[in-house]
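Given chain A, put chain B in place with the hints provided.
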Amino acid sequence: MRWCLGGSLILVVVFNSVSAFGQAMVEGRVELPKSHSAPVMAKRYEIVTSGGVLATKPPLAVVYLAGSFPKPTTRPTKQIAQKDLAFLPPLLPVEVGTRVEFPNLDDTYHSIFSYSPGKRFDLGRYRPDERPIPSEVFDTPGLVTLRCDIHEHMRGLVLVLNTPYFVLTDAEGRFRLSALPSGHYTLKAWIDSKTTRERPVELKSGATLHVDLP
Amino acid sequence: MSSPAEANNSSIASFRTKLLVAMMFVVSGMIALGLYLAQRNVVASAHRDLQQRFQAELSSLHKIQELRHAALAERCGELVSKPRIHAALEDNALDLLYPSAKDELRDLMQGEEPSQEQAASSLHARFYRFLDGTGAILPPPNPKDIGELNTETETQLALKKLPEKEQIGYFPENANAADEIVDEVMAVPIFSTETGDVISALVVGFKPFEVVSDRADAELKSGIWVNGRLHLPSLPKRAQLVLGNEIAHAVTKSDRARNNFTVAVDGAPQLLFYERLNPDSLFPPAYQIYVYSLADSMAQLQRLRWQIGGVGVLLLLAGFVASEFVAARLSVPVEKLAVDSEENRAQRKRAEDALALTSEELKRSFQYSADASHQLKSPVTVLRAGLETLLAREGFKPAVYHELSALLHQTHRLTGVIDDLLLLSRMDAGHLQIKLEAVNLSLLIDEWLDDLGALPDSVDVKIEKKFPAELYVAGEKRYTSLIVQNLLENARKYNRPGGRIRVAARKETDEVVLTIGNSGRPIARAAEERIFERFQHDFSGTGVSGHGLGLNLARELARLHGGDLRLVRSDTDWTEFEARFRIAQTTLDRASQVA
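Listed in order, the protein sequences are those of chains A and B. Counting in the working numbering, the first sequence runs from 158 upward without gaps. Counting in the working numbering, the second sequence runs from 40 upward without gaps.
No incorrect hints appear here.
Where chain A lies over chain B, by a calculated footprint (3+ residues, C-beta under 8 Å): (1) 117 to 125; (2) 221 to 235.
A short list of chain A residues far from chain B (calculated; beta carbon distances all over 10 Å): (3) F226; (4) P260; (5) R288; (6) E359; (7) D369.
It should be emphasised that the hints constitute simulated quantities derived from the structure, not laboratory data. Each residue gets a CB set at the ideal place from its N, CA and C atoms; glycine is no exception.
Isolated chain A (complex conformation) (with noise of 0.2 Å):
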């Protein structure tokens, strides 16, 4: 992962807080990959391979603004389901420290494990009303592809991000990125484990800055 050292410039960001003075938006559209499957009415994404690749079908990406941010002193916990045989959400982005919570909310055994040079661990197998619910914290940036030892057929991505300013697109790519410092960033934007693109922002503040990722 490579980021910028964007400015001297440090903001105290606080997430979720509403439209704040001096906080700077970027919105736009990443364009996707090409989806050779019909439109998902179900919303059910899953973590393909192709050639190598690793990617969501239907495609999503993660957005993110690359930067040198403070380090926040709490995380919200982030959770990863395994339902119907399948990691829900397939694709999450979290920031670096994060821990992760893998509830089992099948009806059968699953035994979580990574070989990912960014986070090994292996969970175990464990049953469905396992508790506390299993979970790793994951403090080093990368992509980690989760497995099942038991559902071989089972991947799903944890993309760990040095940012707290990431979001995912939805189904046509489209973004927004709110509540953030001005100054001179990278957005970047995940599209799969082999590509991710990049752009210098200058984020202003109270300014909303439109940059489409083609």
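Chain B in isolation, oriented as in the chain A frame:
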């Protein structure tokens, strides 16, 4: 006579011997051929039986092997689809590969080595290794857990490239040590779940399944040939080495997946079968080897040969006896023939001697007759000349003239007799050659009848003629004329005054029949048989002159011409002779020409 008889006996004996030898030759030849064919048939069928038995065993083994390989492949395929192994390979965590596999493949390596009987169904592995993307061995961090191998064997497990499907290979371990073993190795490709490419392969080593017991005295021994070496522990090391070379030779010479040939191990013949264990494998070719001792079947075959030989000898003896018998039977008529011919020869010799004697006598008698005739002819001629001179002289009394004339007539008769005698003697000696021509018999008869009428002492006889104008017979004219003359003269001579002569001739198929009959006293019944003999005459007692040669001469001449002369009848006042002549062929030709 004794030496030819001995020669005969010896030649008969040699004939019999030759016959016997020839028959024995044929008989023994046929027996030899029959026995040879029978023996060949037996050998071929024994060989075929053996082969079929082997083929059956091989194919059953083949099925077992196939099942086992399928089971191994399925097991290994299951193992390599383990998510942790895939994760280790795909998520760039090779350091976790063997530790993960240790867990995942634990049951593959666990437990005691199964016994011989369970080996076929057991999937107990001796070792396993992973190959990297180039086909090289991924070095295990702790070989003890996954089956230790010496470096030589381990490097052999590497492939030039990763396989697309399971590969079977065979590798001897501790090749030169006493406890040499051969591992059956299966390489299973591992396909990436992300790219679908082969990213690795799991190589698992098993103890090969042995169908045949390896007792040293077993008739059938099995082993594996790989890398030019034979692994067949029940055979001594040296024999293994020799056989290994033989197999290497056979395998390089023919690319057949299975074959067999006969080899000698320590002088004992063995039937060796080989079959490729891992066709189309990336591993070095390995062959399952079966060595079947032919000693028993050879002994059996030898026994059979002896039996056949014994039967052959018996047959030969029987053939000898039969030949002897048949030869004896066959030579009996030949012997008889030889004896008969000997007798015949003696008889012939006697006959020939007699014939020579007779011929000599005949010749002499002919000579005598001829000489006598000539001796007689001269004085008769002188006599006749004298008489004619006297008759021409005048001044004798008429009675003297009459006497002279009678004497002259007698000289003419004498000449006639001499001529006839000469002719007869020539005929008797076989010296008379007849030149056949077409003679007009009718003309001849007419001429002689004219002469008859002109004779001075002609009696008053009436002549009846009944023959066609032209009747041609085959003969020499002067002799045919002589026959006709003789018969006509007789007819006139023995006639009575006022009698008659009847001359008739007719054609009868290929003969002309001339009958001349005359009235007058008949020939005495007792004399009828003798009238054709020489110097027989006056059978009618008429006192008519004749020298008794005429009828004999006529019959001889007629027969010489292929015809005959016989008395047909002689009864009250009628005597009739019949002469037969061969019809002249040219008559027909002539007739047709005239027509």
